[in-house]
Structures are given as C-alpha cells and as structure tokens.
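Novice: Go ahead and model the full structure; you've got the sequences and the hints to work with.
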Amino acid sequence: MPKRLALLLSLALLVVTPVAAQQAPIKIGAILPLTGSGASYGVWMKGGTEMAAEEINAAGGIGGHKLEVIYEDHAADASKAVNAMRRLVEVEKIPFTLTSYSAPTLAIQPIGAQSRVVMMNGGGQSDNLANKDYLYNNIPVVSNEVGVLCDWLTKEKKFKAAVMIVANDEAGRNSAKSFRERFGAGGGKVLAEEQIALDGNDFRAQLAKLKAQGGDLLFISSYGRNVAIVADQARELGITIPMAATSWVQIPEVLKSKGAQGMLTTRLPFNPDSPFARKFKERYKTDAGFFAVQYYSGTRIFAAAAETAMKKAGGKLDGEGVKNAIESMKAFDTISGKLVFQPNHAAVMDIEVGVLKDGKVEVEKIIKAAQ
Amino acid sequence: MDLALQLLATGLVVGSLYALCAIGWGLIYGTTLHFHVAHGAVFALAAYYAYVAQTWLRLPLAVAVLVAIVASAVSGLLIDLLLYQQLERRGAFRTSIFIASLGLLILLENVLAIVFTPDPMRMDIGALNTAVIIGPVFLTYLHILTVALALVGYGALMLFLKRSRWGQAIRAVSSAPEMARTVGIDLRRVHLLTYAVGSALAAPAGILVAMDVGAEPFRGTRFVLLASVGVIMGGIGSIPGAMLGGLFLGLLENLGIWKLPSEWQSAISFGVFLVFIVLRPRGFFGRTIHSAEI
Amino acid sequence: MLAYIAHYLVMVGIYTILATSLNLLVGYSGIFSLAHAAIYGIGAYASALAALQLGLGFWGGLLVAAVVGALAAALVAIPSLRVAGDYYIVASFGLQVVILTVFINWTSLTNGHAGLPGIPRPRVFGLVVDDPFKYVVLSLALAALTYLICRRLTASAFGRALRAVREDEIAAAATGKNVVAVKITITTISSALGALAGSLYAHYITYINPTSFSLDESIFITSLVILGGTERLAGPLVGSLILLAVPEALKFLAIPDTVAAPMRQILYGALLIVFMFVRPEGILGRARPRRAA
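Chains as they are written, first to last, in numbering that gives the first Met the number 0: chain A, 0 to 370; chain B, 0 to 293; chain C, 0 to 292.
Worth flagging that the hints you see were computed from the coordinates, not collected in a lab. Heads up, a few of these hints could be off.
Claimed, not checked - Estimated spans, in silico, between C-beta atoms of each pair: (1) B:L278 / C:R150: 32 to 42 Å; (2) A:R115 / C:N177: 41 to 51 Å; (3) C:W58 / A:E326: 33 to 43 Å; (4) B:V274 / C:L62: 23 to 33 Å; (5) A:G186 / B:P239: 38 to 48 Å; (6) B:V274 / A:K284: 50 to 60 Å.
To be verified - With a Cα cut of at most 30 Å, we get these calculated DSSO-like pairs of lysine-lysine: (7) A:K315 / C:K133; (8) B:K258 / A:K176; (9) A:K188 / B:K258; (10) C:K133 / A:K131; (11) B:K258 / A:K159; (12) A:K159 / A:K364; (13) A:K79 / C:K176.
Please read all numbers here as calculations on a predicted model, not as lab measurements. Note that CB positions come from ideal geometry on N, CA and C, so glycine has one too.
Specialist: Laid out in structure tokens, this is it:
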C-alpha cells in the first residue's frame, strides 16, 4: 500500500512540475454559431480566429505564451452560449472570449462582468450591446446601418410605405425598431410587421399577410439562412416590391438566391482582393466575408491588449488587466484600418449602400463614419 | 378577401399533409392500439429515402418517390416486427410500447442528424416549382400535387379497407380483435400489413414537404403530434374522421392567423384542441370511449 | 474537474425535484403528463421576473414560483378530469406546445427568445450562493425537502386514494373517493414542486430562455421517472444520477459538439428501448405481473 502511494505521488509530481515549469498557454474562448441557420457566419468567424491565432503563435505567441482558442457552438441558442461561458469561465478560467450574435452575447455579458472576463463581439449588432461592462464590440451597432439605409431609401429612392418581416429575437426586433424610427424620420410609414423564427423554413403565411398590406418596400429584419427562403418565397407568392436589408444578410445562401437579387442593402467595408481574403479562400476553399476579418481582428486586438496588460502586471494576465489595456489603448491597428472603440464600447465604420446583383453588392454610395 | 383566399389555399395544402399523416397513424392506432410516435421517424425517413434516391442513386424524381414510399412501408413494417411485436411477446404493457416508440423516434431522428446534418437537404423538383396563379391565389404545382395525393391516398385506403380481403381483415381486427382471432385471422400478420399501409401513407407527406423546403431530421415529431390530434378530433377508429381532422387542423392553422398574429400559429391548433378535448373527448365521429386503458 | 462534479450534482438535485414531482402524476396517479417542462418553465420565469422586476430575493422568488405553479396546475388538471390514457398524453403534448408558444411570444413579459439574463444568485442567511459548490448544498437540500413532502403524501390516506384512482377511477368513485378533489390536489402539489425546480434553475444558471423548457425537456424528465422506477420515490433520484452522468461523461471525450449532441440523444433513445425490453418497471421499480402475451 505505501509503495502504491509513493508511486501515485511521484506520478502526480511528474505531471505537476513540468506544467509549472513550462509556459502555460493563454486560453481564450470563442462562442460562435458553428451550426444551424447561421453556420455560414460560423465558417467565417472560426476561420478568421484560427488564422489570427496561428499567425500570433508563429510570431512567438503573446509574451512568449502560446495562444489557445477554445471554440464553442451556440447555434443561435443563448442557453447554449451561457453554458459554454460558464464552462470557459469556471473551469478553463479564461480572461477573454470572442462572442457573436446579440441575444447570446447579452445573455453571457452579466457572467463576464461579474467574473471580470472580457468579451469581444465581432458580429452581433443590437443597440443594446453598447454601454455594457466588460463587453466590447468591434462592429458598429445596427442603428448606424439602418440610419444610413433609411436615409438613402427615403431621400434618394423615394420609398414611402414599407412592410417588415422580422426575426423574433433580440437582433431582429432591435433592428426593426430602429427601422421604424429612421424610416419614419425620413417621411416614410411602416404599414405592417410579421415575425418569423430564425430556424423556420416556411414563411408563406406571414408573407401573404404582408402582401395584403400593399406598400412599396419589404424590409427584411432578419439574418442567416432564412433570409434566402424569405426572398424566394416572397417572389413565389407574387410579391413584386423591392426588398431591403442591412449588411448581415450577405451570406452565400442569400447572395446566390434568385429571389434576393435586386435587394437594396448596406455594406460594411470588406476587400475581397486583400491578401487576407486570398489566404482565407486558399485555406478554407470558400470566399472570405466581412465577418472573417472581424474575428481575425478581434483576436489580434486581444493579443495586443494582452501584451500590454502582461507588461504592466509583470507577466500575469487576467480579464481585468485586458479590460484596462483596451480602455487605455482605445485605438487598434487592424487590416481594415484603424479601429477606435467609442465611449459606448462599440466601433464606427464607413457604411456603403448598393444593390445586390449577380451575387455581389454593386456599391452606389459610401457614407463616411461619423467620428 | 384575397388574403383569406390565399390562406385558405395554403391551409388546404398543409391540411392535406396533416391528413395523410393522420389517416396512416389513425389506421395503425385504431387497429393495434399502439401509440406509435415513431410514425414521425418514418415521416422523416421517407424524405431522406427520396433525397438519397434522387441525389445519390440519381433516379428520376417519380421513381425516387416510389422507391421512397416502398422503403417507408418496409420501415414501418420492420418497426412493428422487430420492436413492438417482440415487446408484446414479452408481455409488455402499452406504456412500455409507447416509451419504446419514443426511444426509437429519438434514436432515428438523431441518426439522421449525424448522417445528413440537421440542415435541410433540398431536392431538385424541376417543373413542380412553377407558379400557378388562380385568381388572387399563388401556388406551385407541388402544392396542387400535395392536395391531389392526399385525396388519392384517402380514396385508395377507403377502397382497400372496404373491398379487399385484407382490408376487411384489418377492419375486423380494428373493431373486435378477439373475435377476429377466433375466426382465424392472424393478428400478427394483420398488424404488419397495417404498419406497411399506414407508413406508406405517411411517406408522401414527408416527401412532399422535403420537395418543398428540404428534408430535415426533426420535423417528424411535430407532424406525428398533429396527426394524433387530428385522429382524436376526428374520432378514433374513423378514417374519414382522421382525414377531416387533418384537413381541419391545416385550415385552422392558416385561417386562424388571418386575424390573429401569425407568431401564435402553433398555439392556435393546440389551443383549440385543448378546448375541444375538454368539451367533446370522443371527437367528431368516434365511438364513445369508456376508460381508455394505458 | 471538481467544478464539473459540483455542477453535475446541482443538476441532479434540480432534476430529482422535477422527476419526483412528475412521478406523483405518472407513477402514483396514472396521469401521464408530457407538459412538466412547461410547468418547470413557468416556475423559472415567475421566479426570474420576481427577482428582476420586483426585486424579490431568492426565497420570495421560490414562493412566487410555487404559487404560480400551483395555479398553472389547473391547466394540467382540467383535461385529466375529462380524459385519460392516450387522450391525456396528446392533450398534455398540446399544453406543452401552447405554454412554450406563450414563453416565446409574450415578449413584453418574457422577452421571448432573447430570454432573461442577469438573474441574481440567491442570498441564504446573508451568504451569497455564488459558486457551484455552495449551490450543491442548496440544490440537494431542496431535493431532500421535496422527497420528504412526497413521502408523507404517498404514505398517507391520500396516497391510498391516489392509487385507487389510478387503478380504477370508476371503482374509486363508487367507494366514495372524491376523484375530482384528488386529481386537483395532486396536480397542484406536483406543479408547485416542479415550479420550485424552475426557480432553483433560474437562479443557478442566471439566464433563462424558452429553449430550456421544450417538449424534449418534458420527454427527458419523463424518462428519468420511467427509467428510475415509477411508484418508488427514490426512482427519480436514481434516474437522474444515471441519465445526467451520460452527457457529462461524453463531454470528456473529444467529440465535436455537433456530433456529440445527437450521439447523446441516440444513446438515450437506445436506453429507453433497452429498458422496455429488459426492465420496464425501471431500476428500482416493483415488477408488475406481465400481461399474458
């Protein structure tokens, strides 16, 4: 019995000692829509993160430590995001996580704030994501885009009466609220609104009801695969009025869909010919998109903030240190230019407006970011 | 008014799908008294059989559909043969059969999810996608085919039950199993046939939905639930009742949202059902139930 | 690792309360309800809203949950007064769907799919229960309380009346038992306890949304009862210990969650089937005499 005990103890020491002696990797989380109606976003988000992590590690890591990303799938379900966040915070003890989508991010934010873990959102756009403790958004909130879109639709395209189809979640409802305000401010009227589920695939009932209302524009306040289905089924039901949406709908399924061609939309800056985009395409065999750059940038922003934090704290790294670093640095160099976090913890970017034609957005105007 | 007509049309299409599921499920339940929730798995399997037949085996659409219907009939038969009859041989209670059926439904749906992923698998339906405009109503050929198939399926079933020897055997077992046994009818064989026929009726429903919006692993649960609601509303033991029950549910779901907000669609059918079951448990055409044993 | 075990035990406590309260209906009364997840959800929302909107503490939330749950019991009870067996199963399916739709669509109250984040952790005797280890104590204590309540109930004269109603309602009525009162009482107690579990859950995860209270969840709770053994109060505990360990054990294998989640379900479905062949009365159940084939 004592012999076995000694063996166990020495084995234990054997495991513990090298771990203590080696540089422990820096672990961060990435809570993404890897499956479900938003899987296309997930491909971009995960790819961008992976590429950034690899580049960082190839250049020596962060302060000599390797960066390790733990990927979790929320599949658009905020409960899953919460469970993932709990695991990451309580078991993996991360200082930082990437996050995505509005409702899941809002759901995990109180946990991050309480446990002092920084959350970086590169995809969700609900206005409610601003001004939250420990949460930073390197993407503008949706009201920025909706504002630009409505200005263009009312003043230049002269639309007066819109009907809306709205995803029944935080992001969809928030964007719809914004549209009502801004379209109204431009002299237009919203005649009716119908709600849909993100993972639904038959929207004919709602579309039929909207069709009966008339109007000259259909605003799609939804994102993910269902947008392609909405566009196709709308045309199938004989709805001929133009459709409009913000940039988050531009995923492959929608770009390719017949019904969506001619859609009036906003676009956030993305260069499909950049070295990053070409590397992405080569590696993942699919076109890169705006969100790939977002999560690449988000990871690099963490690396920069973490280095600063570790220098200040003599090699130690925790969430509070990362947060203080972000607050003091404010501006970060990214491959799409300089990104500045506003006092409300969100970013501002140039916004383009244009028409979806042949699977691409033909840009008509660029509205510079209000600084 | 245009809207009401459009919703009526959609309601008839959806109702036809529910009706096909209901008459198949009702036939099985009325004859075997098994609460066969795995009927939902057969519904889902049918869609994938058709998808595989068209996309992997490259069969023409009509052939793929036929192959899928036959495969579904066989699947349903095997479920009875290998699961329910084996349990009954061991003296299982009806609750146990229900639980086993539930387990099988969960198992099969998730196997499909692993093999095909949970994303919808679209099929190529060519000309069936063409729009058909009848007055203010917009439909596709697929939708019209759906209603037609439901009527054909119902007619065929009624004919089979009334005219053929096997159909009469099913009716005998359905109304008086002990009597049927004494006159020499092999109950096990009749059960197998019932499952084959019932599953063959669910198959077109699953396939038609797949042709419209793609095959999905988890859709069957909702359909078998609604089928059972349709059967109860129509009255257990009545095939015409099940047909009407299914159609009624489809119409209710769609016309219900004419004036009510559309997000309450699923609550409408079940809400009405709950009120109905409290007021008239035996349904439109059902025989009066004494205590339904479980 | 320890944090995992603590989490597992907290969930065992919550599910034991759920399964025990459902067992009162399924095992003891013959009321096969598939709407228990809806009741669970009602308790969770009631408690969460009490905390977020009214500022009530954990105990206040528990009370609110229990009361609201008891009132909601009427929804479960009324159909049981008119139909039984398979009819009741379908009716309870329907009830589950309707209540879930309300959770999703009554957005001004429940915030719909976005859910309610930031639910405060409980304060017990001045101490904030803010880590899984402390929560284990709370969870298991409430589970033990539930067990004791149900034990008193089923061992009493009321318990006998329950079983009489389950075996043969008509005979029970003939011997003077007030069948309506019995059913209403038992559904009220069952729902109040189920709602209690919802409160415990809400304050533990600190976030709730409709997906946690779906039909799948109802089916899961039912299996805990069936597999553990109906009609045995410890059955639900055993069922919870085993069925919750399965997904947790699978988490240690490095399978991507997209495959792991359906795999858990396949295992779980297979378990149900195997049990019906090998031990339909459940692990702790009393073997009932088999029917003549």
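Novice: Give a verdict on every hint.
Specialist: The hints, checked one at a time:
Our hint of 32 to 42 Å for B:L278 and C:R150 holds, since their Cβ atoms are close to 38 Å apart. Our hint of 41 to 51 Å for A:R115 and C:N177 is violated, since their Cβ atoms are close to 58 Å apart. Between C:W58 and A:E326 the C-beta distance comes to about 39 Å, which sits within the given range of 33 to 43 Å. In this structure the hint that B:V274 and C:L62 lie 23 to 33 Å apart at CB holds, the actual value being about 31 Å.
Between A:G186 and B:P239 the C-beta distance comes to about 57 Å, which lies outside the given range of 38 to 48 Å. A hinted range of 50 to 60 Å holds for the C-beta pair B:V274 and A:K284, which are about 55 Å apart. Restraint check: the Cα-Cα separation between A:K315 and C:K133 comes to about 29 Å, which is no more than 30 Å; the hinted pair holds. Restraint check for B:K258 and A:K176: the C-alpha separation of about 23 Å stays at or below 30 Å, so the hint holds.
Only pairs whose Cα atoms come within 30 Å are accepted, and A:K188 paired with B:K258 is accepted, the gap being roughly 22 Å. Only pairs whose Cα atoms come within 30 Å are accepted, and C:K133 paired with A:K131 is accepted, the gap being roughly 28 Å. Under the criterion of a C-alpha separation no larger than 30 Å, the hint pairing B:K258 with A:K159 is consistent with the structure, at around 25 Å. For the hint linking A:K159 to A:K364, the alpha-carbon distance of about 21 Å falls within 30 Å, and the restraint holds.
Taking the CA atoms of A:K79 and C:K176, the gap is about 47 Å. The hint is violated against a cut of 30 Å.
The structure fails hints 2, 5 and 13 (numbered hints given earlier, in ascending order).
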